[in-house]
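Participant: One letter stands for each residue in the lines below.
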Amino acid sequence: MDTGSSPGDPGGAWQRAVRALERAARAEALAERYERLALESGNTRHAELAANHRRSAACHRSSARLQKTFAQQLMSLTGPQDTQPLFMSVVAEACGTDSAALTLVGSDQSQLAVAASDKGSRAAQDLEYVLGEGPGTDAAAGRHRVSATGLDIEQRWPAYGPAVTALGFGEVIAVPLKTPDGCLGSLAVFDPRPGAATNTVFADVTQGLVQTMLLGPDADPELYGGTDHRDAVHQAAGMVSVQEHCPVGDALALIKARAYADGVPVNEMAERIVSGAFRLA
Amino acid sequence: MTTPAQQIADVFVELSGGSAGAPLEAPELLATLVRYGPELLGVHAVGTVAAVDARAEPQVAGSEDGAQLLKREALKWAEGPGTEARNSGRPIPCVALDGQAAMRRWPRYTSRALELGYTRAAAFPLRTRERPVGALVLLGSPADAPMSEETGALAQALADFTALALIREHELQESRTLSGQLEHALVSRVIIEQAKGVLANSCGLTMDGAFALLRGHARAHRRLLSDVAHDVVEGRLRLDGGDNGLT
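Chains as they are written, first to last, in our numbering: chain A, 58 to 338; chain B, -19 to 227.
For reference, chain A alone in the conformation it holds in the complex:
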C-alpha cells in the first residue's frame, strides 16, 4: 500500500494516470482480440470476455481521467496560500456534483475512514455517522444503489432524512464500493446535475476508485491526504471509556449523541474532549 505520495505532489497523480491509461489500452487490445474471435467462432463466451474487457477498459479510463484532473488542479496552484485541492472534489465533479462523500467500512459495517469533497457532503457524512442511518450505510450493507429525493429522504431515514434536507440537499444517490465478493464501503453524491449521475458513470467511478485508489499495487487509500480516520474521535472514545467505566463502543455512542445534541461536528466535540476542555457527564 503506497501512502508515500505527498498531497502537494502532482507527480504521483500523473503516474497513476499514465498507468491507468496503459491498463485501459491493454484491456482494449484484449477486448478487440476477443471480439475478432467471437466474430470468427460465433462463440458467446468470447463475446462475454470481450464485453468484460471493454468494461474494465472503461474503468481504467475513468480512473485515468480522475488522476489527470487532480494532477492538473495541483499544478495550477499558484502559491502556498491556495487551499489544497481534494481528490474527492474531482470524484464529485466526475459524478456531476460538488458534493460527494466516500465511506470505508469494516466487515461489521462500522465506519473506518471517510473523505468528502466539500462542507455540505462532509456535514451529511457526519450526520450519517452520529445517527447511524443513511444512504451510504444502506448502500454498503445491501450492496446496491440507493437513491431518494425530497420527502422520500425524510420518510426513508426518520432521523437522518430531515437533518440532511435541512442542509439544503434535495437528492442523494449512494452506491456500494464493490469488490468481486465483498464491499469496501460506499460513495454518496448529493444534488447531481440532471442526467449526470447515470449507472455507467457510477460504475466507472466506483470501480476506478476500488481498483486504482483503494486496492492494488498502486493504491493510496489516503486519497492524497484527503482521508479522515477520525483519529480524535477514537482517542476521545478511549478517554471517555475510562472516565465513564464503560466499553469503548458505548463511549463512542455517548460522544456521537452529545455532539448531535449540542449541534457540534463530532470531530470538534472529540477534539474538545481530547484537549481536556470538555468532559462528558
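If you're looking for bench data, these hints aren't it; they were derived computationally from the structure.
The reader is advised that the hints may include incorrect statements.
Stated by the list, open to error - To give an idea of the chain B side of the interface with chain A (calculated C-beta under 8 angstroms), a few residues:
hint, residue
1, ARG156
2, SER159
3, LEU162
4, LEU166
5, VAL167
6, GLU173
7, ALA175
8, LYS176
9, GLY177
10, ASN181
11, SER182
12, LEU185
13, GLY189
14, VAL213
15, ARG216
16, LEU217
It should be emphasised that the depicted structure is a prediction, and the values quoted were computed from it without experimental measurement.
Positions of the beta carbon are idealized from the N, C-alpha and C atoms, including for glycine.
Since chain A is already given, all that's left is putting chain B on it; use the hints.
Facilitator: Same frame as chain A, but now just chain B:
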C-alpha cells in the same frame, strides 16, 4: 466418439462450482477436470498441470496414479506434450508415443509413458487472455478408439473453461487478500487511537506520551502494536506510565 450434450453440460456446471455456484479453488478445479475427463473424452486417462501465478509451484492432477506420476515427472523434466502445449499455447495433436519421432522429442517422457501403459498422447493448453496457465493431457492405451477431431475440440473447450475458472478464482483470492489488508490497516489505526485515549486518561499522558508507552510495551514484549492496543482497549492489559508498562 459422441458424448451426450447433457453430460458435457453437467461437467461444465461442475467446473463452475456445481449447483451451489461457489467458485472452486484451484486443486478442486483440477481434480474435477481429471475426474470427468476420461469418460467425457473417451480416453484411458487424463493429466493436468496449472499455475496461474507464474512464480508459484505448478499444481498437477491425474485421473489415475500413473497419469499423476507422469505429469509430475514431465514437470520435473520439462518434457512432454503438456509442457510444450503450456509453453507454446498451442495444442499438440495426438502423438504415437512408441514412434521414433516422439522418442527423439521427449526421450524420458516417452519411455516412462510406455512403461505406464500409455501409447498415445495429445495436449491442450489452458489458455487465458494473456498467456497459457497450464495444459490438459489426454493419454490413450492401445485399447482406446482413435481420438477424433470432436474429442480435440471438446478437450480444448474444457481446457479453456478450466483456465478461465482458474483465473477468476485467482482474482477473487487476490481481491480478498487486498481487501483484508486494507481493512486490517484501517482497523489497527482505530484501535491504536482508542488505546492512546485510554492510556492518556488513565496515566495522565499526552497522546504522544500514550503512543510512546504503547510502542515501548509492544517492542519490549515483541508484540504487534495493534494487538497490545486491543488488549488495552478491552481492559485485558493495564499499562502504567511509571514502570515502562511491564505489568
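Participant: So, for every hint listed, does it hold in this structure?
Facilitator: Against the structure, the hints come out as follows:
1. Of the supplied interface hints, the one on ARG156 of chain B holds, with its beta-carbon coming within about 7 angstroms of a beta-carbon of chain A, less than 8 angstroms.
2. For SER159 of chain B, the interface hint holds, the least distance from its beta-carbon to any beta-carbon of chain A being 5 angstroms, beneath 8 angstroms.
3. Interface restraint check for LEU162 of chain B: the shortest CB-CB distance to chain A comes to about 6 angstroms, inside 8 angstroms, so the restraint holds.
4. Here the hint on LEU166 of chain B is kept, as its CB sits about 4 angstroms from the closest CB of chain A, short of 8 angstroms.
5. Satisfaction of the interface hint for VAL167 of chain B is found here, the shortest Cβ-Cβ separation to chain A being roughly 6 angstroms, below the 8 angstroms cut-off.
6. The interface hint given for GLU173 of chain B holds, since its Cβ lies 4 angstroms from the closest Cβ of chain A, which is under the 8 angstroms cut-off.
7. Among the interface hints, the one on ALA175 of chain B holds; its C-beta lies about 6 angstroms from the nearest C-beta in chain A, closer than the 8 angstroms criterion.
8. The restraint placing LYS176 of chain B at the interface with chain A holds, with a minimum CB-CB distance near 5 angstroms, inside the 8 angstroms limit.
9. A distance limit of 8 angstroms between C-beta atoms decides the matter here; for GLY177 of chain B the minimum to chain A is near 2 angstroms, and the interface restraint holds.
10. Below 8 angstroms, beta-carbon pairs count as interface contacts, and ASN181 of chain B has one with chain A at about 4 angstroms; its hint therefore holds.
11. Interface hint status for SER182 of chain B: upheld, as the beta-carbon distance to the closest one in chain A is roughly 5 angstroms, under 8 angstroms.
12. A distance limit of 8 angstroms between C-beta atoms decides the matter here; for LEU185 of chain B the minimum to chain A is near 11 angstroms, and the interface restraint is violated.
13. Hint status for GLY189 of chain B: violated, given a least beta-carbon distance of 12 angstroms to chain A, over 8 angstroms.
14. The closest approach between the C-beta of VAL213 of chain B and any C-beta of chain A is roughly 5 angstroms, which is under the 8 angstroms cut-off, so the hint is satisfied.
15. The criterion of a C-beta within 8 angstroms of any C-beta in chain A is not met by ARG216 of chain B, whose closest approach is roughly 13 angstroms, and the hint is violated.
16. Taking 8 angstroms as the C-beta contact cut-off toward chain A, the hint placing LEU217 of chain B at the interface is violated, the least distance being around 13 angstroms.
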